[in-house]
Every structure is written in C-alpha cells, then in structure tokens.
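Listed below are the residues making up each chain.
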Amino acid sequence: MSVPLPTEFVSILEKRLGSENVQKEPSALIHFTRCRESVLRKLGMKVHDIMPDLAVTPTSTDDIKTLIELANTFKVPVIPFGATNVLNTWVVPTRGGVAVDFSKMQALTINRDTMTVTVEPGVLTNELWAAFLKDPELEVWISGGPGQSRVIAQWTFGGIHKTGNVRFGRGYNYIVSVEMVLPDGTLLRTGSSAVPFHKDFWPHGPGPELTYLPVLSHGEYGIVTKLSLKLNYKPAKRDYIMGVFKTKDSLYKALAAFTKIENGRAIRGLTQAPHGIIAPYSSDYFEMQQRLQRAMPRLGFLVVAIEGTERTVKYWLKKSKEVIEKYGGKVVPKEIVDVYNGYLDNISNASIIRSSRIFRKWFLAGRWISGSLHDLEAIQKWEDVLLGLKVPWYRPWYGGLQLYGTQWNHYTFLEYLYAVDFENPESLAVLSVIPAWDNIRWRYNTGMHAEWKQRAAADIFGEYYALCLRVKKEIDPNNLMNPGIVFTTT
Amino acid sequence: MNSFNKVDLLNLREWARRVIDERAYSCIRCGTCRTLLQTHIKSFNFRASCPSGAYTKVDCYHALGKQFAMQGILEGAITWDARLIDMLYKDPLCGLCQENCTYINGILEDDNGEMYVRAYPAPYEMLEAARVLAVEDKVGPHPAQKQFSESIIKNHNPYLEPHARRLDWLKLAEISPVPPSEADVIYFVGCTASYRQREVAVSTVKILRKLGLRFATLGGDEWCCGSPLMRTGQYAAALRTLAHVVEAINKYPAKMVVTSCAGCYRVLSRDCERLGLSLRPEVKHTAVLIHENLGKLSFRKTDLKVTYHDPCHIGRHLYPRRSIYEEPREVLSKLPGVELVEMERIKNYSWCCGSGGGTKSAFPDLAIWAASERIREANAVGAGVLVSTCPFCDLNFLDAVREKNSKMEVLDLTQIVAKALGGD
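Those sequence lines, one after another, are chains A and B.
The first sequence maps to residues 1 to 490 in my numbering.
The second sequence maps to residues 1001 to 1424 in my numbering.
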C-alpha cells in the first residue's frame, strides 16, 4: 500500500519548509488517518493502516508550491486535509504520502471596495463568520456551515450548502476567484484575479472558466491556497420562526409548501431537522443525521429565517406561522431559542438550537427526546445500509462526482432519503427531491445550476463521473493529489 | 457515575485507560474544540479557545488530535513518542475544549449531576487521564515539570523555596493569626500566595480581620495542596501531599477553610472527593466569602475601570454546579467608583491565562503568550485593571505585563477589596 518516502524528499522538504513545519511522529500522523470506518472496511483496511508518512504545516502558497513540485519529482502523494478530520471526507492517505495541515495559513483580507473577502485555507468558517460580526454593513453569506471546518475546505470539499439557502443560492455561487496550486506546481489564478493588477470581482476572468474547477472537489485537482468570496449588505431586519412537528410527513409537507410559496424576497433559509440538518461544525453529515435520528426519532423541526424590511419580515412571519400550523406544526416559543448570542445571524443552524440545554430541557419535559446521542453502532449500521443502496444517484456521489456542483443534488437527495421510508427508498426519495428543486434558485437559474439543470433531471451521474475522471487524468496524470478514495477506479 | 470522578488509586493505569477509552472513542472529531462556537464568538480578534492549538498552530495539538492519538496508544497502534508528550503537556488544561464539546455534543445531566448520555468525549477529562497514563507508563510528566514535582515532595512547595519561609508573608501583614485550635476559619494560603504573590495573602487576612473572623493558618503543616502534581498526571504523589493537608485541617475544630487560590480551591473542593479523601470543614473561596459578607463591609471610593478574568480552576473545572462566576463580579460591581467592563470571552468561555497544567514551568513562552492575549483582550475593552481570583493567574499576568511592557495593572480580587476597605 504505502511505499516508504525517499529520505532525500524528506530532507529537502524539511530544509525548504523548516523542520518545525514537518511532523514525522506517529502520534501526530494518526490525526490524519480517519475516514469513515465502513469505507475503509470496503477497502479492506483498518483506521490505523492508512497513516500518512509525513504531515506538513505550510505557511504560504510558496510552501505549497514547493511541496507539490517536490512531490511530483519524487512521486509522493499529497493529501490536503481541509478541516483535517471531516468524517466523510474523501481525503484518506490510502497510499501514504504527505498530509497537509493548513493551520498556519490563516490570512483573511476584507476588500470593501470590491465587497469581497479573501481567505487562506487555514481560516475556519467560525473565523470567517467572526470577521463580520462587528461590521456595520457587510456580511458573508455562510449558510449554516460547519463552523469548525476550514472555509476553503468546506466551499470546495462541500458539505454545507443545502436547502438552507433559499434566497441567495448556494454558497459556492459567491466564489469570485481562486488561487490554486495545480498538481504540476503551476499557480493558477482564476476569475478577475487572473488579470494583472485587477482586484477580485468576477468569477469569470479571461480565458477558460476555471473558477469552479476545485469546487466540490477534495483536493484531487490541486490545492486551493486563496479563495475570494462576494460579500452582501446586511438587511434592515432579520427574524425567524421555528416550528416543531410530531411527524416526518407533516414536516416535509410544510417544507414543500414553503418551497412553493417562497418568492425570494424574504425567506433566507429553511432548515429542517432531524433529517436535513447540518452540523454547526465539521462533523460527518451522515453521522450528524444519524445522531439526530437517534436523538429525536419522532420529531421534526423547521426553521424559517426571514429578512428584509420591517414590513416584509412582519408579513412573512405571519405567513410562515400559518403554514406551520396548517401542516400540524407548533411554533416553538421564542424564549427558548433567543438566548444565544448571534442567534439571528445564525438562523439556519438549527442544530445549535437543538444542542442547547434549555431547548432540550423543554423537549425533555415533553418526553420527546430519547436514546443516546452517541450511538455509534447505529450510525455504522445506517451507513452500511446507505452504502448498500442501489439508488442510481447515490453510487456516483460515493464515487466522488464533484466537478459540476452536482453535490446539491447529492445532498438534497440524501436529505430526502432520510425523510422517507427505508423500505422503499428509491421511489420515495425521487419523489421528494422534485419539490425541493422548485425554489428560487432553481427557477431563476442562480449560479451554476443553469447549465446542467436539464441534464440533472436525468440520470447524469455516470456521465459526469467519467468526465471527472478525464479531467483528473489530464491535470494529474501521476495521480498524486489525494489519490485516495475519490477516484476509486484510478 | 462519571468514572473520572472516582479515581482508582490502586490501579491508576487501568483507571486512566478506562477514562480515556470512554472519552476518546466518543470524540467524533468535529473540531468544536478548536475555536469558540459560532454562537459565542463576538469578534475575529478573540475567537480562539484553545491555547495549545492557537499557540502551536498545528491541528493535532487541539483536543481532537490528542483524543485520536490516545486511541492509538490504547490500541497499541502507536507508542509514546516525544511529540505526544509535547502535545499532552503543552496545554494548560483549561478545559474550554470540554465546554465547547459539552455544548455541541450533548452532554446532559440528570438531577443528580450524572451524565445523561453513556459515553461522551469530555476532552479535558481525557487529557488529564492521558497525563496520568503517561506518568504510569514512566514517560511523563514533561522533564521540565519534574523539578517542581521534586520540590513539592522535598520542600512542600513547587517554587524550590525552603518550607521554613512559608509564613514570611505574615510579617508583611502585621496581623497575627490565632492558634488553629481556637480559630473559626483556617486560611489555606497556598504556595503562590505564600511565596510569590504575598500581597494576596496579606490582603486576604486584612479582609478576614475586617469581617471579624478568628482565622488561623496551618503554619508548618500547610503543604502544597498537590494541584500542580494532579494537573500533570502525578496522582500518586499528589495523594501523599493532599492527604497530609486534609489530615492537618481535619484535626482542628474550625468549620470553614478559606482559600484565595483557585487551584487550591479546586483540589480541596473537588479533587479530595475524587481521591477518596474527606475534608471535614466547608471550603470557601475568598470571592464567595467576600460576596456573602458584602453587607458587613464598607468601602471607600476607588476610581478604577476593571475587567474580570475567570480562572479556569474555579470556573470550568468545577462544572457544572460549583463554578464561581457571579460572585467576584458582584463584589466588583459593589465597590464604589469601580466600573466593571466585561471582556469578550468570559465565564465558562473564558480564555485561559495559560499558566495551568504545568505549562508555566515547562513552556513559559506559551504561558506568557496566552496571558498576553488576555491582556490584549482586557485592553480592547478599555480596562485599566485586570482582576482575577487566582494568584497563579495574577503571577502569570504580571510576568506578561513585564515582558510586553504593558500598562495594564493586575490585581487580585482580595487586593482590590482590601484597597477599598482602607488601610486600618
């Protein structure tokens, strides 16, 4: 499996990056071993079989360039760990190599003229969020993403952008440029950043459109060293309403109703739980789902985040209450959720509400929560069930289809998969995905969806996967960048 | 029963492995231990929560890295190496990782204070148990911590000072304690206030006298409480010194032990029980004692803009019911002319001063860096005085102030109260 690293490679690397930025001890390397155990089982491996040979903490784009060039010379795999540890991450050093820890690349630059923010790969989502908390007018649109994941990792590795972004579209629609070290060491700048002396503004620069090359990939096309995101103006007012439903059916009927009536003017986010919730940290999506499923098996939550003018917010609060109640929901008292700092700015993180002690107390009193929150055995079982499913859209997702933003479908599909009867997942899943498409960004072709909207309706994934493979072979012929489990056939 | 709270002294190695096992495998590696939660961050400048990870800027130095490394140790997949010792000990064990983890990963408690879920990550508890395991496996503590450990055994204090000088601070106080057999209160001074921050001890006895309490010290019987030993995983050695302290206190009729040290308070109020020792009198921190007796004290006006730093040992470490957050704040707010301004990271989300867990001796740079961060935070809210309730925090802050040429004044709560009481 893993071939020992050439000693020359290690010594040159230590010299160029500094020995303090190279970790060789197993106790440090074990940090980079974990992926989902069932995935490893399928590969015939155990967790600790897959240690990288080295871990590095680069401090600059130049360091990364140096690393990749050296890796190319010595044919050593490079595995960038964005959040280091996302459990469903597809960054597993199955062939050993060098794990990249971005903790020392934490620059964050706000450009108010162009209304963009540029981050290095070590910046956590929490930190990006925090950078705008005291800003009087601008904000970055993070749709309830895992707070502890690296910003670039989550925007490129995916994992956060689901039905929450009703109003503004997916987070990756806001990427205006990337700086990326390609597998041959070339430094690629995309969008308007590619123009000398120009500032980040447009995702579409001169030449081929490559801004979205790394989007939703897992480092297999190169390492993103800078990413610029468009900023938004803060709205005049924000509010929210939260409904609780005693059955999944009623929850999803209400959600579907919202997606029908939403016209993009006010509802910023819709977050449903337990099935469609996102962890406020970089936990495994599945694992979170399962924990919630176990924690609140009979309960459904729907958070409707509303923003706009005073009048708009007032109207939509009333309207939302009507919808919640029409489908048998109950509006959760505000005092339960209002106690958290920044809550209104963080509205689509329903899981934070769920995690709160006060909130739990309220539900515990109603005896609605039961079971352990950490039933890992059950999580494992569910995961195996999912992996064994013969659903057409699931297989290629698992195979690593990422290039064209298909993740929206993957996750939406999975969200709804959790909502349906497991006895007959295929038919019900497909049925429940359709209403979710009927929302503002789908109607108005926000972002990247337009080009593949038609094709997404069919079984596109096999074709796209083949395309991903072709791109990968062109860009990284030696398969050095994250040669793990994303492109299993390679 | 939380196994961390029931130390098996006869088989520390197995106990430590059990505690680690229960916690390390419950870690889902979400990374919540890295920074403050999204809901609690108030600004980009003060978003860090883990001194160890933020200082080293290496991801495995956060609690999640250590949890996984300890899984490897338990399974025999890896063996102890210098990096792991560095990871474990380059950490003030402030416990903010556990606070974040608790919030997100759902540690619940029933009415008896027991955990609602069977298994939970509890990184702080895992880290302390990992240190115990390191000591039992003869690879810990960190070499730089051995000197103070030996001094505690030999001189009964970690500062390498002769035991005979423990009561020197009394000369400054110009107050004589009563014999312990006649005292209402035993003042457990602690090593830092006895040898390094004597003003804290002096101020404390002034307050005790003002309250009309007949206090005594343990005199030569006051040994180190064992806090530095416990926090570095040396439970067996800690037991010896703590057992002496408990025996010395228990033989007197006093109904209350007062301490001005957060570390001592944690040991006397929580660790005694964990180690199976029974301390007869009630233990009170000076902050609580002053708070309870505010009505009996009259203060002069003192114009100060202060901010309060919550020491980990009387805050998070006493989670959930015994944490002392409000009392010192109420005391400060009652002092005429004193304006209390809050920093961004406070109470259970307080940033650590950086000196705990043996870091002050083993990694002074980390300790100074963390303290400087706190001073920067105090400066950001316009405070002129940084008040704490732990002489060890005070000491570290003062070192940082000196090193960074800061103008911040560092005072213990007892000092500011004594000052407000006047000099008589």
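One or more hints might be untrue.
[To be verified] BS3-like mimics (lysine-lysine), calculated; alpha carbons at most 27 angstroms apart, straight line:
(1) B:1171 - B:1305
(2) A:134 - B:1296
(3) B:1057 - A:15
(4) A:230 - A:134
(5) B:1255 - B:1301
(6) A:104 - B:1404
(7) B:1146 - A:104
(8) A:134 - A:246
(9) A:226 - B:1057
(10) B:1171 - A:24
(11) B:1347 - A:134
(12) B:1057 - A:65
(13) A:321 - A:65
(14) B:1347 - B:1305
(15) B:1296 - B:1284
(16) B:1419 - B:1171
(17) A:104 - B:1296
(18) A:237 - A:330
(19) A:24 - B:1296
(20) A:237 - B:1255
(21) A:253 - A:134
(22) A:104 - A:253
Just so you know, the hints here were simulated from the structure itself, not pulled from any lab data.
Hint by hint, here is what the structure shows:
Between residue 1171 (chain B) and residue 1305 (chain B) the alpha-carbon distance is near 31 angstroms, which puts this suggested pair outside the 27 angstroms criterion. For the hint pairing residue 134 (chain A) with residue 1296 (chain B), the CA-to-CA distance comes to about 43 angstroms; that exceeds 27 angstroms, so the pair is violated. In summary, the hint linking residue 1057 (chain B) to residue 15 (chain A) is supported, as the alpha carbons are separated by about 19 angstroms, within the 27 angstroms threshold. With a C-alpha separation of about 18 angstroms, the suggested pair residue 230 (chain A) and residue 134 (chain A) falls inside the 27 angstroms cut-off, and the hint holds.
Restraint check: the Cα-Cα separation between residue 1255 (chain B) and residue 1301 (chain B) comes to about 33 angstroms, which exceeds 27 angstroms; the hinted pair is violated. At roughly 24 angstroms between alpha-carbon atoms, residue 104 (chain A) and residue 1404 (chain B) fall within 27 angstroms of each other, so this suggested pair holds. With a CA separation close to 32 angstroms, the supplied pair residue 1146 (chain B) and residue 104 (chain A) exceeds the 27 angstroms bound. At most 27 angstroms may separate the alpha-carbon atoms for a hinted pair to count; residue 134 (chain A) and residue 246 (chain A) exceed this at roughly 38 angstroms.
Under the criterion of a C-alpha separation no larger than 27 angstroms, the hint pairing residue 226 (chain A) with residue 1057 (chain B) is consistent with the structure, at around 18 angstroms. Between residue 1171 (chain B) and residue 24 (chain A) the alpha-carbon distance is near 54 angstroms, which puts this suggested pair outside the 27 angstroms criterion. Pair hint residue 1347 (chain B) plus residue 134 (chain A) holds up; C-alpha atoms about 21 angstroms apart against a cutoff of 27 angstroms. In summary, the hint linking residue 1057 (chain B) to residue 65 (chain A) is supported, as the alpha carbons are separated by about 20 angstroms, within the 27 angstroms threshold.
As the CA atoms of residue 321 (chain A) and residue 65 (chain A) are separated by approximately 54 angstroms, the hinted pair breaks the 27 angstroms bound. A C-alpha spacing of about 19 angstroms is found between residue 1347 (chain B) and residue 1305 (chain B), which places the hinted pair at or below 27 angstroms, so the restraint holds. With a C-alpha separation of about 17 angstroms, the suggested pair residue 1296 (chain B) and residue 1284 (chain B) falls inside the 27 angstroms cut-off, and the hint holds. Between the alpha carbons of residue 1419 (chain B) and residue 1171 (chain B) the distance comes to roughly 18 angstroms, so the proposed pair stays at or under 27 angstroms and holds.
For the hint linking residue 104 (chain A) to residue 1296 (chain B), the alpha-carbon distance of about 53 angstroms lies beyond 27 angstroms, and the restraint is violated. For the proposed pair residue 237 (chain A) and residue 330 (chain A), the alpha carbon gap of about 24 angstroms is at most 27 angstroms, so the pair holds. With a C-alpha separation of about 62 angstroms, the suggested pairing of residue 24 (chain A) with residue 1296 (chain B) is violated against the 27 angstroms cut-off. Note on residue 237 (chain A) and residue 1255 (chain B): the hinted pairing is violated, with a Cα-Cα distance of about 57 angstroms set against a maximum of 27 angstroms.
As the CA atoms of residue 253 (chain A) and residue 134 (chain A) are separated by approximately 38 angstroms, the hinted pair breaks the 27 angstroms bound. Distance hint between residue 104 (chain A) and residue 253 (chain A) is unfulfilled; the C-alpha atoms sit about 46 angstroms from each other, more than 27 angstroms.
In the structure shown, a violation is registered for the earlier hints numbered 1, 2, 5, 7, 8, 10, 13, 17, 19, 20, 21, 22, in ascending order.
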